[in-house]
Every structure is written in C-alpha cells, then in structure tokens.
Amino acid sequence: MDLDFTAAEDAFRAEARAWLTAHVPAVPLPSLETEEGFAAHREWERTLFADRWSVVSWPEEYGGRGASILRWLIFEEEYYAAGAPGRVSQNGINLLAPTLFEHGTDEQRARVLPSMASGEVIWAQAWSEPESGSDLASLRSTAVRTAGGWLLSGQKTWSSRAAFADRAFGLFRSDPEAARPHQGLTYLMFPLDAPGVTVRPIGRLDGKPAFAELFLDEVFVPDEDVIGAPGQGWRVAMSTAGNERGLTLRSPGRFTAAAERLTGLWRDGADPSDTALRDRVADAVIAARAYRLFTYSNASRIAAGESIGAESSLNKVFWSELDIALHETALDVLGPYGELSDEATEAPAHGSWAEGHTFSLAGPIYAGTNEIQRDIIAERLLGLPKGRR
Amino acid sequence: MRFLLDDEQREFARSLDAMLTASDTPGAVRAWASGDTAPGRALWSRLAEAGVFALAVPEPYEGLGPLPVELAVAFTELGRHAVPGPLVETVAAAALLDRLGDQDAAAAWLPRIAAGKAVVSLCVPAAGSPYALDPDATDAVLVVAGDTVLLTEDAGPVQPSADPARRLARPLGGTVLARGPEVEAAAGHAADVAALVTAAQALGLGRALLDRTVAYVKQRTQFGVAIGSFQAVKHRLADTLLALEFAQPLLHSAALALAGPDGREAGREIAAAKVAAGDSAYAAARAALQLHGAVGYTDELDLSLWIRKARPLREAWGTPAACRARVLAP
Chain P
1 MDLDFTAAED
11 AFRAEARAWL
21 TAHVPAVPLP
31 SLETEEGFAA
41 HREWERTLFA
51 DRWSVVSWPE
61 EYGGRGASIL
71 RWLIFEEEYY
81 AAGAPGRVSQ
91 NGINLLAPTL
101 FEHGTDEQRA
111 RVLPSMASGE
121 VIWAQAWSEP
131 ESGSDLASLR
141 STAVRTAGGW
151 LLSGQKTWSS
161 RAAFADRAFG
171 LFRSDPEAAR
181 PHQGLTYLMF
191 PLDAPGVTVR
201 PIGRLDGKPA
211 FAELFLDEVF
221 VPDEDVIGAP
231 GQGWRVAMST
241 AGNERGLTLR
251 SPGRFTAAAE
261 RLTGLWRDGA
271 DPSDTALRDR
281 VADAVIAARA
291 YRLFTYSNAS
301 RIAAGESIGA
311 ESSLNKVFWS
321 ELDIALHETA
331 LDVLGPYGEL
341 SDEATEAPAH
351 GSWAEGHTFS
361 LAGPIYAGTN
371 EIQRDIIAER
381 LLGLPKGRR
Chain A
1 MRFLLDDEQR
11 EFARSLDAML
21 TASDTPGAVR
31 AWASGDTAPG
41 RALWSRLAEA
51 GVFALAVPEP
61 YEGLGPLPVE
71 LAVAFTELGR
81 HAVPGPLVET
91 VAAAALLDRL
101 GDQDAAAAWL
111 PRIAAGKAVV
121 SLCVPAAGSP
131 YALDPDATDA
141 VLVVAGDTVL
151 LTEDAGPVQP
161 SADPARRLAR
171 PLGGTVLARG
181 PEVEAAAGHA
191 ADVAALVTAA
201 QALGLGRALL
211 DRTVAYVKQR
221 TQFGVAIGSF
231 QAVKHRLADT
241 LLALEFAQPL
251 LHSAALALAG
261 PDGREAGREI
271 AAAKVAAGDS
281 AYAAARAALQ
291 LHGAVGYTDE
301 LDLSLWIRKA
311 RPLREAWGTP
321 AACRARVLAP
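So the protein sequences, as listed, match chains P and A.
If you read the first sequence in UniProt numbering, its first letter stands for residue 1, the second for the next number, and so on.
If you read the second sequence in UniProt numbering, its first letter stands for residue 1, the second for the next number, and so on.
By construction, these hints were calculated from the structure, which means they are not laboratory data.
Be aware that a few hints might be false.
What the hints assert, rightly or not - Okay, derived cross-link-like pairs now, SDA-like style, lysine to any residue, Cα gap no bigger than 20 Å in a straight line:
hint, chain 1, residue 1, chain 2, residue 2
1, A, 218, P, 381
2, P, 386, A, 219
3, A, 218, A, 229
4, P, 386, A, 137
5, A, 218, P, 388
6, P, 386, A, 235
7, A, 218, P, 379
8, P, 386, A, 232
9, P, 386, A, 222
10, P, 386, A, 218
11, P, 386, A, 229
12, P, 386, A, 230
13, P, 386, A, 225
14, P, 386, A, 221
15, A, 218, P, 385
16, A, 218, P, 382
17, P, 386, A, 220
18, P, 386, A, 10
19, P, 386, A, 67
20, A, 218, P, 389
21, P, 386, A, 223
22, A, 218, P, 383
23, P, 386, A, 226
24, P, 386, A, 236
25, P, 386, A, 239
Isolated chain P, as found in the complex (with noise of 0.2 Å):
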C-alpha cells in the first residue's frame, strides 16, 4: 500500500503546473451562468484544447493525452489549485463522452469527440421532465419513428448550460407499448438550434439563467445520432450516471483547493478564539483529504481491475454535503461581506464563495437526489429491501 507517484506522474504533473500558471487568467471570468461568461468560458476552452489539456483522459485521436485515471487525477489538482475556470463543457466531457466511448460508433466519435473538446461544441443535458424527476423512467417525451430518422416530441427542463449551449442529449420513449418504463427508451443527441425547439432559460436561485426549459415539437434528428440500439436507452444513460455521480464529476482537486482557500481566508481573517468556526474549517479540510484519499482507493481499485459500481453514489452524497460545507463557512468567515456577488466590485475573491455557495446548493439534488442515492447505498452497498421510496 502507498500514495507514491512516480518520477514521470511527478514530471506530468510539473507540465501542467506550469502550463497553467502561464494560461489562467489573472482576474476570473465572468460567471459562466451569463452570455459574456459563457463565451469566455469557450475561448478558455479552445485554449485548454490548442495545448492539449481539455480531455487529457481522451485517446489522442481526439485531442486527449491518453492519460491515466491517476493522471486526470494529478491535473485535476493542479487545475484547481491554479484558480483554473470552471468547465463550460463538463456535460459534454463527463456525461456524453463516456457514453460514446461506451456505446457510440467509430463514427459518432470522430464527428463528436474533437469539437467537444474544443470547446466549438457545448452540450448541454436533458434528462428531467416536468413530471419526471427522480422517477426519471416515468419520462413521456417521445421520438416516433420517421424516413431516416426520428421526430423528438415533449418537453425537458432543468437542463443545466441549455441557455446558450449548442447541442443536447437525453432519453426519449421511442416504444409507448414497452412492458416497463424503463423499456423503450432511447438516447439521442440533437441541435438546440433546430427547427421545433425552444429554449427558454431558467433563472436559478440568484437569477443567473444556468439552466433551461426545452419545448420539443416534432424535431428531426438523423438515425446517425441514435446512442445504441432503440429501445436500449435507459442502459446507455445509466453508464453515464455513473460517471455524474461517481468518479469523474466532481474531482478531489476542486474540493482540496476551495479548502485550501478556505483555511487561508479563516488564517487571514477569522477570529482565533472562535474554535466553533475553527473546529468547522477543520472539519472542511478533513472531508476534502477524505474525499481525495477516498478516490484515490477507487482509481487503485479500477488499475487493479476492479469495477466502481453502487460506490458512485457514496461520492455523490459525500461530495455535494462537503461542497455545501466548505462555502457556508467561507461565508462565515466572510460575514457581512459574504453576501457580495461576482458583481459586486467589493466582494472578496471576485464574489467566487457567493457564486460557489449557490452553485453548491444544487448538488445534493442533480445527478439523481442525495436521496435517491442514499436509497441506492442501502439497497445495493447494504443489501437492505427494497419499499416504498
């Protein structure tokens, strides 16, 4: 057993240390929830992609380095703790790519991989529906069979980047004569600017249109961007929840930074005989080494060939608590300067702990509810009988 890295994984690290100290901007981007964010959100990515650290996990084929879990891992650290912006494309990387490398064809691939990466593609998810949340089975958009193609009917909501994104993906009932809901469903990927589609974006708790309602009706989408067979979608967008979950969402290096920042911001300004507050940023800096370490066990288990299945949604619980933790006692710290937005000329560190405060207050309920997942820990981690939710 031991955390060592080897001389090359230090030299990896190294090169993307200094990459990163030469490229992130001095002063952050505007809040990518906005346009003007949003567009310099994708010019950060077509400047991460130029030198190749978009998709360093990706095959180099697509603009990746090929690199390990352990790898991303290092560069995850090194990107957070450089200040780095926040990832307009991280639906895209972490939810949709995966499915491609999974189920996708050669050909989805090559069409969809390097714009991706390049950020000259952001895509956005849909998955909820007005009626269909955690029960997202129960969903009723539908994709009825047409010449070459299908026709994608209904509506979806709570797409998260939908407001200013170019494409999506997400599950419709292609079969409204299956035995079961989660029969007849199938993944598609389709243009927001098509067509049939209205985007109409989502105010979020401070008013930043972060996510979107979609109305489809009767959109074209070419059988070529079918994600598996019909029929089968609810088992290709399941591999992918596992990876919104689990492993590759939320990387330990964000969390480890945004402690690291906090303990400096507590050094800085906090008052030392409050050992309340001191014990919570304690407490804030002890979850994120776990978390780090905890994911560090699982990347070893998955080189030994292990596989991470139910265990996702122990990080999905652990992570979005912890992120919640980390900004209410920022905000603590803060006091009356907390509240402060990014647009407030004032606010310390560029408004980041509001911005990452709200942010933070949706992650115990997207990527499937905490309580979904605490459900998921017990049935299948504990094996205790299914019932009622």
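Dock chain A against the given chain P, drawing on the hints supplied.
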C-alpha cells in the same frame, strides 16, 4: 500508487477476524468488566501468537515492526470485536520504549511485549488524560511526567467508566525508567501511535455496529414488513456507512505517514483520521441504538459492548477538539 491493502494485509485481517469470532470475545469482555481478566489474558496470548504486538516492536527486540499500516489493520479487527484491555497502551508503550534510546529498558520490556507476556498500560497526561487504562490488569504502567518516564505497578482505586470493560485509575509513585530531553519526543511519538490505533479500533467498532444493525433491520418486522425497507431507516444506515467509508482512507494514509519521515505531517494526518473515525464510530453507535430500539438500550444484548465503547474511543488519545486544532496547526 496502489492505495489499497495488499493480499497479505487483507488475509491478516481475515485471520484475526476469524480467530476473534471463534474465541467468545463477548464473554471475555464481560469477564474483564467484572474483574476476571483470565479470559482476556488468554485472548491476549492468542493475539500475540498472531503477531499483533510484534508489529509495534522493532526486530532487534524480537518484533516485526514498527509496521503502522499492519497495526491499523490489526486494531480495526480488535475494535470490530471490542477486545478488552490496554491494547492501545501496550503498543504505544512499545513505541515509547523504542524511542527512549535506553537499551536496557528496551531489552527488558520489548521482547516480552512482542511475545504477549507483558501487558503494559501507559499514561501521558500531556496527551489529555490523567488516567491509565486497566492498570490493575497489567504487568507495568509507564507514566510520562515532563522529561521523566516512571515505571510503576501501583495505581489508585479504579474509577469505574461508563464502559465497564474500561477500568481507569491514576498511577501512583514509581521508579524512574528514563529521564532526559529525548523523553518528550518519544512520548509525542507514542501518543501519535496511540491515537492512530485508537482511530483504527473506532473504525472497526463502527463497522461491527453497522453490520449488526443491518442484520437486525432485515429481520425485525413491524407493520408487516422488515423495518429495513423504510426509507428513514435506510438513510440513517446509508449515512453510517458513508462516514465509515470515508474515515478508512484517512486512517490508512495516516498509517503510511507515520511510517514516513515527516512527523509533523503524520501528526496532522493522524489527527484527521482520529476525528473522522471517532465521529463515525459514535454516529454508528447512535444509529445502532436507535434502530434496535429498546432492546439496544439493554446491557443484556451484546450490542452494548460495542455501543458503550464508542464514546470513550472518541475521546481517548486526542479529543475531537484537540485533533481539529492539530489539523490546522501551522
């Protein structure tokens, strides 16, 4: 990097688990609590044969160690079975004796500790507690007072603990075993070892509480169904597992750090592991008690042997507040 226990370490854990399962450990705990230490000492000898104490003793003194990762693995199993006695204190005393630089003292005690022939308690008031654990059941008590290590066999009257299997008393008098500037650093190291293996014990304790409670809620029925099918029950147990799962890598990383060259960093890591393991074990005890209902609140049910150990382990060798302060120490 391979941040996983290797096959040998896993097999070691499995064999200890099997041995303790076959040894009527609950009976030994209850006997120990009533002042009959014979079954506990017999168990101690079997642990020594399995090599547990040798892990804390260096090779020149007939040991195998120091091997902090293996110690953490072993103490997780000792906690899983709520084994009684000054286990933590004995391996911490071995760490102290190893670092004192006094070959006579080391030669007198370390081989006997490794062989399970010496049960030693340790009291380091600077590390938080004025009491020695189980001094009436030991062959010696070491007491660190400033730059002096005292050796005694005497202690004041037992101050009963809320966990009857923990017998606390203040050490009395003693002869000087060592004195000098090296004592403070050696005692600090011994306290670190104690904190690490206490965290390991807590983690194992929490795992046992979770396992027993999961088994119980699967078979206990109310309203015509197993209570484990209720979401409130599931979520409490999911949270229990979550806390234990994330404490474990902190423990293993701390053990690796203790084996490494940077003592200050090891101290921070051990403190982090102690907080996480102590908190998660106590939370497991609370969940176990709540989900067993009234029967969980009884002395009769062996579950009590685990439940009442959770709080003392959380405080022993580093309270949560002291550990949190250490995590942030510059």
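Hints, one by one, checked against the model:
1. With a C-alpha separation of about 14 Å, the suggested pairing of residue 218 of chain A with residue 381 of chain P holds against the 20 Å cut-off.
2. For a cut-off of 20 Å, the pair hint linking residue 386 of chain P to residue 219 of chain A stands: about 14 Å separates their Cα positions.
3. As the CA atoms of residue 218 of chain A and residue 229 of chain A are separated by approximately 8 Å, the hinted pair is consistent with the 20 Å bound.
4. For the given pair, residue 386 of chain P sits about 49 Å from residue 137 of chain A by alpha-carbon distance, which is inconsistent with the 20 Å threshold.
5. Pair hint residue 218 of chain A plus residue 388 of chain P holds up; C-alpha atoms about 15 Å apart against a cutoff of 20 Å.
6. Restraint check for residue 386 of chain P and residue 235 of chain A: the C-alpha separation of about 13 Å stays at or below 20 Å, so the hint holds.
7. Restraint check for residue 218 of chain A and residue 379 of chain P: satisfied, since their Cα atoms lie roughly 11 Å apart, inside the 20 Å limit.
8. A C-alpha spacing of about 13 Å is found between residue 386 of chain P and residue 232 of chain A, which places the hinted pair at or below 20 Å, so the restraint holds.
9. For the hint pairing residue 386 of chain P with residue 222 of chain A, the CA-to-CA distance comes to about 15 Å; that is within 20 Å, so the pair holds.
10. Proximity of residue 386 of chain P to residue 218 of chain A is assessed by CA-CA distance (about 11 Å); at most 20 Å being required, the pair is judged to hold.
11. Distance restraint check for residue 386 of chain P and residue 229 of chain A: the Cα-Cα separation of roughly 6 Å lies within the 20 Å cut-off, and the hinted pair is therefore satisfied.
12. Between residue 386 of chain P and residue 230 of chain A the CA atoms are separated by roughly 8 Å; this keeps the pair inside 20 Å, and the hint holds.
13. Between residue 386 of chain P and residue 225 of chain A the alpha-carbon distance is near 11 Å, which keeps this suggested pair within the 20 Å criterion.
14. Taking the CA atoms of residue 386 of chain P and residue 221 of chain A, the gap is near 14 Å; set against the 20 Å cutoff, the hint holds.
15. For the given pair, residue 218 of chain A sits about 7 Å from residue 385 of chain P by alpha-carbon distance, which is consistent with the 20 Å threshold.
16. Proximity of residue 218 of chain A to residue 382 of chain P is assessed by CA-CA distance (about 10 Å); at most 20 Å being required, the pair is judged to hold.
17. For a cut-off of 20 Å, the pair hint linking residue 386 of chain P to residue 220 of chain A stands: about 15 Å separates their Cα positions.
18. A hinted pair counts as satisfied when its Cα atoms are at most 20 Å apart, and residue 386 of chain P with residue 10 of chain A does not qualify at roughly 31 Å.
19. Distance hint between residue 386 of chain P and residue 67 of chain A is unfulfilled; the C-alpha atoms sit about 43 Å from each other, more than 20 Å.
20. A hinted pair counts as satisfied when its Cα atoms are at most 20 Å apart, and residue 218 of chain A with residue 389 of chain P qualifies at roughly 17 Å.
21. Between residue 386 of chain P and residue 223 of chain A the alpha-carbon distance is near 15 Å, which keeps this suggested pair within the 20 Å criterion.
22. Restraint check for residue 218 of chain A and residue 383 of chain P: the C-alpha separation of about 9 Å stays at or below 20 Å, so the hint holds.
23. The straight-line distance between the Cα atoms of residue 386 of chain P and residue 226 of chain A is roughly 10 Å, inside the 20 Å bound, and the hint therefore holds.
24. Distance hint between residue 386 of chain P and residue 236 of chain A is fulfilled; the C-alpha atoms sit about 15 Å from each other, no more than 20 Å.
25. Between residue 386 of chain P and residue 239 of chain A the alpha-carbon distance is near 17 Å, which keeps this suggested pair within the 20 Å criterion.
Hint check: violations occur at hints 4, 18, 19; the rest are consistent with the structure.
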